[in-house]
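Chain by chain, the residues:
Number of protein chains: 2
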Amino acid sequence: MSQKYTTRQEDYSKWYNELVYRADLAEHSDVRGCMVIKPYGFAIWEKMKEILDAKFKETGHSNAYFPLFIPKSYLSKEASHVDGFAKECAVVTHYRLKNDENGGGIIVDPTAKLEEELIVRPTSETIIWNSYKNWIQSYRDLPILINQWANVVRWEMRTRLFLRTTEFLWQEGHTAHATKQEAIEEAELMLKVYAEFAEKYMSMPVIQGRKSESERFAGADDTLCIEAMMQDGKALQAGTSHFLGQNFAKAFEVKFADKEGKLEHVWATSWGVSTRLMGALIMTHSDDEGLVLPPALAPIQVVGVPIFKTEDDLSRIAEKMMELGKKLKSLGISFKFDDDDQKRPGWKFAEYEAKGVPIRLAMGPRDLENGQVELARRDLKTKETVNWENIDQYIVQLLGDIQENLYQRALNHRKENTFKVDSYEEFKSKIDAGGFFLAHWDGTSETEEKIKEETQATIRCIPFDQEAEKGVCMYSGKPSKGRVIFAKAY
Amino acid sequence: MSQKYTTRQEDYSKWYNELVYRADLAEHSDVRGCMVIKPYGFAIWEKMKEILDAKFKETGHSNAYFPLFIPKSYLSKEASHVDGFAKECAVVTHYRLKNDENGGGIIVDPTAKLEEELIVRPTSETIIWNSYKNWIQSYRDLPILINQWANVVRWEMRTRLFLRTTEFLWQEGHTAHATKQEAIEEAELMLKVYAEFAEKYMSMPVIQGRKSESERFAGADDTLCIEAMMQDGKALQAGTSHFLGQNFAKAFEVKFADKEGKLEHVWATSWGVSTRLMGALIMTHSDDEGLVLPPALAPIQVVGVPIFKTEDDLSRIAEKMMELGKKLKSLGISFKFDDDDQKRPGWKFAEYEAKGVPIRLAMGPRDLENGQVELARRDLKTKETVNWENIDQYIVQLLGDIQENLYQRALNHRKENTFKVDSYEEFKSKIDAGGFFLAHWDGTSETEEKIKEETQATIRCIPFDQEAEKGVCMYSGKPSKGRVIFAKAY
Chain A
7 MSQKYTTRQE DYSKWYNELV YRADLAEHSD VRGCMVIKPY GFAIWEKMKE
57 ILDAKFKETG HSNAYFPLFI PKSYLSKEAS HVDGFAKECA VVTHYRLKND
107 ENGGGIIVDP TAKLEEELIV RPTSETIIWN SYKNWIQSYR DLPILINQWA
157 NVVRWEMRTR LFLRTTEFLW QEGHTAHATK QEAIEEAELM LKVYAEFAEK
207 YMSMPVIQGR KSESERFAGA DDTLCIEAMM QDGKALQAGT SHFLGQNFAK
257 AFEVKFADKE GKLEHVWATS WGVSTRLMGA LIMTHSDDEG LVLPPALAPI
307 QVVGVPIFKT EDDLSRIAEK MMELGKKLKS LGISFKFDDD DQKRPGWKFA
357 EYEAKGVPIR LAMGPRDLEN GQVELARRDL KTKETVNWEN IDQYIVQLLG
407 DIQENLYQRA LNHRKENTFK VDSYEEFKSK IDAGGFFLAH WDGTSETEEK
457 IKEETQATIR CIPFDQEAEK GVCMYSGKPS KGRVIFAKAY
Chain B
7 MSQKYTTRQE DYSKWYNELV YRADLAEHSD VRGCMVIKPY GFAIWEKMKE
57 ILDAKFKETG HSNAYFPLFI PKSYLSKEAS HVDGFAKECA VVTHYRLKND
107 ENGGGIIVDP TAKLEEELIV RPTSETIIWN SYKNWIQSYR DLPILINQWA
157 NVVRWEMRTR LFLRTTEFLW QEGHTAHATK QEAIEEAELM LKVYAEFAEK
207 YMSMPVIQGR KSESERFAGA DDTLCIEAMM QDGKALQAGT SHFLGQNFAK
257 AFEVKFADKE GKLEHVWATS WGVSTRLMGA LIMTHSDDEG LVLPPALAPI
307 QVVGVPIFKT EDDLSRIAEK MMELGKKLKS LGISFKFDDD DQKRPGWKFA
357 EYEAKGVPIR LAMGPRDLEN GQVELARRDL KTKETVNWEN IDQYIVQLLG
407 DIQENLYQRA LNHRKENTFK VDSYEEFKSK IDAGGFFLAH WDGTSETEEK
457 IKEETQATIR CIPFDQEAEK GVCMYSGKPS KGRVIFAKAY
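Chains as they are written, first to last, in our numbering: chain A, 7 to 496; chain B, 7 to 496.
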């Protein structure tokens, strides 16, 4: 690993891109804006999926699958939705290719033009509510609590691996309820599920709050979100949960008969997280040596590297390591013993460091004799010599410590980079260095827009958890009901 | 459930379509040829996925994800592949919609035309081998053993739920190897994985064999398959595993340096199963009362229905049932207690019968007093009164029996409907009634094509497991090396 990598200090954005390649997580494909998620990156995403999926099921949701294609006219049915999503999208216009009679190779068959164009789903509210229309007649059919794991396409002009790609993977929950209150509670519940996932499994502290009107999902009455701070002080929206009111029910004429037989429009929510979480995970914890993973999401939690000269040394070390591997497996811990004799230990150390494996064990013949092993922690980059006896129990405890340490480190970073500001001059002088700025805002979209134009900062959320405090808007001087979080964002 | 359903005898095809709706597995969407997989159907598919995914990982494969879109020119790179796949497919030609200035609503923006059209993947060999080109330099980079769970689109003119839909879900394995032998072994191994899955989990006996040249996958040197017999005697191809030779490596110029430093083209396989397996599962076991599920794939394995008049009865029955539910859960058995007081027991019986729940328990106050319960087996439609004591152990054993019974029943059905024929006249007189026909064939595509034209039957496979037996082709009278299986197929 003699290659010189960019550090975070030198160029955060370049560091990120290099890291995604270096840890073998993903790469750009030849298809504009689309990425290839490589096996190591996909293994992390699979862990995320598995944990989230279990949480969705625990909270009463079932998975289903709806079509990839949405008829163009569906997008137009919900007025604000079409503005948000009908712009940059992949449009299927034909359904056949043919051999060009003039020798031009394979061409689109002009006779195979679709009567109505199909849009590759940018999100599925419209196609799903078009189905719900047939599923819902009475209050007995409610609630419907469905989630879908799917790929979606939004034609992005500027893409970045995981953070913003034309095609990405996500889950989208779509629920239907008999009452407004129940739908609001559902949207709140799912935000809590996301927040708990982010904090407990990703070791990523998040701020829960509500979006301002202009940052709302197109078609929502209220958008709740979790916002995380990356190491460069920028914000990343990690998940959103929308209370959709009766907007989609009205657009698709979905009514139910209540207990008294009266027809009412159905209430809705939708909520989603995507492969963007991979970007958030990387930018929350990683360092100049590569990826740093919280143990709960690490495909390999412990790696064993033998230091050996002779075949005999290797086989004695391997025996010990395989024993440990079995014990760890029974404890639910993933272990890899890397006995590749084509690669030197130093190369392996750098490799597993780059890949963010939380604990590395290195064992040579002398360690074997002394009944010990060298243990390196990825998060702190510390090494210690530990006794082989009961090392499995030590590892269990250490993985928990690492998980917690990463969370605390990220939380401290956020605390150190969260500022109360009361003057717009102060705000402007500090915003470029990054961080969350708690500032008073007059509640208008006009002010929000002007601040965005002048500083590129946006209101990330109106946090749930804040002291009630009256004040005046830092921009307009008009009255404010409380502080909101301004930040530059991914 | 007063609705009258079509029986298999009356109209097998209609019975199938009705059953998919009746068991709430899937439905047609408004998007031509695309289906909605409903929660109950998706839960079965999820079980299939989970089991297969574990088997792929056990055999050394990792999951990854490649783009949904394939540049049009990629499809043309492998000559026979383009003939097979570039015909009926969804073509993305534009990337933006806009408001029509003349008031025509949302229209495709003519200025947003792609330079090169993108095809929604019908299968991913081309986009994947275009990536592998950059991943493979040396024999040390091999083998690559990757699987992808994805949606694919093939523009089908005549669609049927699960069996043939424009969009479907599947997994596609794509492996790269240093030697021909290793690639052949991989293709064989994965066929075995599919066959074991079909027989052990789906209780569906399959015949393993090889496709004739004309039935091969477009771009393969050899296509191995598993073929199952449906209840109407028609064949269903349940999975395929392809030895691709060096075809895609040559098309995408993928070479590796062997141990001596010599450059060689890489050897490849691909293999897949899809949501078509849902159709196979339904048509193998189900009856006129609805779905019949092998316990290994049943989302609900045991359902408990209370028979009660008073709240007090219900609560005493519920207590017993919940106790049993806990015990079953600890044994890995899924249990649902249906205490819905809006629906009568008779309605519930019909409902769970339609949904194929393997075991139904019904308990009334008298059963409670006598320490017993009525147990109904879905596969045999038998009822018995069993002691409540140790019922959990009885259920464990019974689920195993049902799994085995379904397999044996399907196997007997296949045996009874498999015929050796030596004369084409006999073949023609019998083929319409369904069944597998073991017949001699001269090995030519011409004969195969003529038989298909005249009878609609195709060669399903050249089975691996057969006695070496020389003979003459039933059609041409020319020499044959052995019998192949002819059948009409889904």
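Just so you know, these hints were derived from the structure itself, not from any lab.
There may be inaccurate statements among the hints.
Since copy identity is lost for identical chains, a pair holds within one copy or between any two.
What the hints assert, rightly or not - List of simulated lysine to aspartate or glutamate pairs, EDC-like, C-alpha gap at most 16 Å:
1. Lys10 to Asp344
2. Lys476 to Glu121
3. Lys484 to Asp448
4. Lys434 to Glu266
5. Lys458 to Asp238
6. Lys342 to Glu359
- State whether the alpha carbon distance between Lys10 and Asp344 is at most 16 Å within one copy, between copies, both, or neither. neither (25 Å within a copy, 63 Å between copies)
- Query: For Lys434 vs Glu266, is the C-alpha pair at or below 16 Å within one copy, between two copies, both, or neither?
  - Reply: For Lys434 and Glu266, neither the intra-copy (57 Å) nor the inter-copy (63 Å) Cα distance is at most 16 Å.
- Query: What label fits Lys458 with Asp238 when the C-alpha limit is 16 Å: within, between, both, or neither?
  - Reply: Neither way: Lys458 and Asp238 sit 19 Å apart in one copy and 66 Å across, limit 16 Å.
- Query: Which holds for Lys476 with Glu121 at a C-alpha limit of 16 Å: within a copy, between copies, both or neither?
  - Reply: Neither: 57 Å inside a copy, 55 Å across copies.
- Task: Can you give me the call for Lys484 and Asp448, within, between, both or neither, at a CA distance of at most 16 Å?
- Result: Within. Shortest intra-copy distance 6 Å satisfies the 16 Å Cα cut-off; inter-copy 90 Å does not.
- Message: As a check of your reading, is Lys342 near Glu359 (CA-CA no more than 16 Å) within one copy, between copies, both or neither?
- Response: Close inside one copy (14 Å), not across copies (47 Å); limit 16 Å.
Going down the numbered hints, you'll see the structure goes against 1, 2, 4 and 5, while the others check out.
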